[in-house]
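Visitor: Here's the letter readout for the chains.
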Amino acid sequence: MTTSDHLVDDALQTVTLTVNGSERTVAVPAHRTLLDGLRDEVGLPGTKSCCAEGECGACTVLLDGKAVNSCLVLCVEAEGHEVTTVEGLSADGLTDLQEEFLNAGAVQCGFCIPGQVVAAEYLLRTNPSPDEAEIREALSGNLCRCAGYQRIVRAVQATAERRGAAR
Amino acid sequence: MPQYYRPTTRADALAALAEAGERGRPLVGGTDLLVGLRHHTLEPELLVDLKGVTDLPEPIAVTEDGVRIGATYTLGELVAHPVFQEWYPALVEAALTVGSVAIRNRASLVANSCNASPAADTAPPLLVHGARVTIASLDGDRTASLDEFFLGPRRTLCGPGELVTRIDLPRPAPGSGSAFRRLTRRRGVDLATVSVAAGVGADGWLVLGMGAVGPRPLRAESPGPVELTDAAALDGALDQLLAVATPISDVRGSREYRLATLRVLAARAVLAAADRRNPREMAS
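From first to last, the protein sequence lines are chains U and H.
Mapping of the first sequence onto my numbering: position 106 corresponds to residue 106, and the numbering continues sequentially without gaps.
Mapping of the second sequence onto my numbering: position 226 corresponds to residue 226, and the numbering continues sequentially without gaps.
Derived by calculation from the structure, the hints in this document are not laboratory data.
Since the structure is predicted, the reported quantities are computational estimates derived from the model, not experimental observations.
Careful, some of the hints might be misleading.
[What the hints assert, rightly or not] FRET-style restraints, in silico, Cβ to Cβ: (1) U:Arg125 x H:Ala18: 35 to 45 angstroms; (2) U:His81 x H:Thr9: 13 to 23 angstroms; (3) H:Lys51 x U:Arg145: 27 to 37 angstroms; (4) H:Thr41 x U:Arg167: 46 to 56 angstroms; (5) H:Thr41 x U:Arg145: 24 to 34 angstroms; (6) H:Ser249 x U:Tyr149: 26 to 36 angstroms; (7) H:Ala11 x U:Ala91: 37 to 47 angstroms; (8) H:Glu58 x U:Glu87: 29 to 39 angstroms; (9) U:His81 x H:Gln240: 44 to 54 angstroms.
[Claimed, not checked] A short, non-exhaustive set of chain H residues, derived as facing chain U with CB atoms under 10 angstroms: (10) Pro2; (11) Arg6; (12) Gly29; (13) Thr31; (14) Lys51; (15) Leu96; (16) Arg106.
All C-beta atoms in this analysis are idealised placements derived from N, C-alpha and C, irrespective of residue type, glycine included.
Can you build the whole structure from these sequences, using the hints too?
Guide: Structure follows, in structure tokens:
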């Protein structure tokens, strides 16, 4: 191993990443996930920890603009990258998408909603006018144990229409 | 708990993997690896992250003769690529069934083959499309067909100290078609109960790739052209092609159920692939 500066052991590793537009430096062991780094080190608990193995989508964040399961990314892998959590989707207040979740009554227990919102935001950024099948496919990795799927889909549809009208 | 190493050159990555031997694991998407770490089914002492290596083959290269896929190419990139959609529709269909959007944004096609799950969704179409892998080590590069590469459950030709740097897919023959069919218990984030990819040549020559019906993904080829409009002829050909399947009973389905659905899915995949053959190209 020649570049020992990139090698870390179980001792803490310093990671510098951009979270919601601000540069943050955290110290984590190599096996710590980005999910735990965001919640415990950066102090942003909006990203939820649920299955912790990529099945449920509650921990969805944007990594360099792409939706990922933050439980399946090591915090050290995020060195030098940009992360957007649910807290960072809007500078202040709720986004139009979050308002439409409320308008549609899509929030029941609420635990899955941050992940649903981030996954839906990623869909709308990559496909501004999705049909219902595309919405369901885009959110198929986000489970809602309250089974509020109809209203979640409706909230995404309403947001797409609202953004379409504003363009 | 593992150490994490992010080399910037291929030589450093290979040297680290050679030194670590059985205790080292390459890391790309991490979508399987991190689950293994969490459950302690994998306990590597060294993770070698390939995403910072600058001199590995580029993620994707398209030529007249086919495509070369580098280790860091994600399934999300693959499904959106027009060349894959045109030349390898079975592979795109299969990649679209892997996990979810968020999984596909991280998961690597090459690494999916390296994990060698018998149920890997991308394996059947890669087998149909004649994929070849390039395995690198400090001793140099070697290549193998994907069919030779899969040895058993989670076992491949890629050993300790080695790295698969790319997968090559030849361009499909003119007038051929491919399709993928899969059975799962739910639409998203589930492993295949049975999966089949079919390739059909212009003359009716058949090749099948099969997942979750043996200790490794399986490939079978018809000895000659099959008259697909003749149901009895197709039935007979499937009898021969599906004979390699030796499924087990587990939580996703019994051996008998898998064998029964394999036959249905294989027939559907063959007919869908046949429909995709380009008549204009066939005539030329």
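Visitor: Taking 29 to 39 angstroms as the hint, is the beta-carbon distance of glutamate 58 of chain H and glutamate 87 of chain U inside that range?
Guide: Since the Cβ atoms of glutamate 58 of chain H and glutamate 87 of chain U sit about 36 angstroms apart, the hinted range of 29 to 39 angstroms holds.
Visitor: Confirm or reject the claim that serine 249 of chain H and tyrosine 149 of chain U have a C-beta distance inside 26 to 36 angstroms.
Guide: Between serine 249 of chain H and tyrosine 149 of chain U, where Cβ atoms are some 32 angstroms apart, the hint holds.
Visitor: Classify the hint on proline 2 of chain H as holds or violated, based on whether any CB of chain U lies nearer than 10 angstroms to its CB.
Guide: holds (6 angstroms)
Visitor: Within 35 to 45 angstroms: is that where the Cβ-Cβ distance between arginine 125 of chain U and alanine 18 of chain H falls?
Guide: holds (42 angstroms)
Visitor: Could you check if glycine 29 of chain H really has its C-beta closer than 10 angstroms to a C-beta on chain U?
Guide: At 8 angstroms from the nearest chain U Cβ, glycine 29 of chain H passes the 10 angstroms test, so the hint holds.
Visitor: CB of histidine 81 of chain U to CB of glutamine 240 of chain H, is that within 44 to 54 angstroms?
Guide: holds (51 angstroms)
Visitor: Starting from the hint 13 to 23 angstroms, judge whether the C-beta atoms of histidine 81 of chain U and threonine 9 of chain H obey it.
Guide: The hint (13 to 23 angstroms, Cβ to Cβ) holds, given that histidine 81 of chain U and threonine 9 of chain H are roughly 20 angstroms apart.
Visitor: If you take the shortest Cβ to Cβ gap from lysine 51 of chain H to chain U, is it below 10 angstroms?
Guide: holds (7 angstroms)
Visitor: Does the closest beta carbon of chain U sit nearer than 10 angstroms to the beta carbon of arginine 6 of chain H?
Guide: The hint holds - arginine 6 of chain H has a Cβ within 10 angstroms of chain U, the shortest such distance being about 5 angstroms.
Visitor: Per the CB criterion, is arginine 106 of chain H less than 10 angstroms away from chain U?
Guide: holds (5 angstroms)
Visitor: Is 24 to 34 angstroms right for how far apart the beta carbons of threonine 41 of chain H and arginine 145 of chain U are?
Guide: holds (26 angstroms)
Visitor: Can you let me know if the beta-carbon spacing of alanine 11 of chain H and alanine 91 of chain U is within 37 to 47 angstroms?
Guide: Holds - the Cβ-Cβ distance for alanine 11 of chain H and alanine 91 of chain U, about 45 angstroms, lies within 37 to 47 angstroms.
Checked against the numbered hints given earlier, the structure satisfies every one of them.
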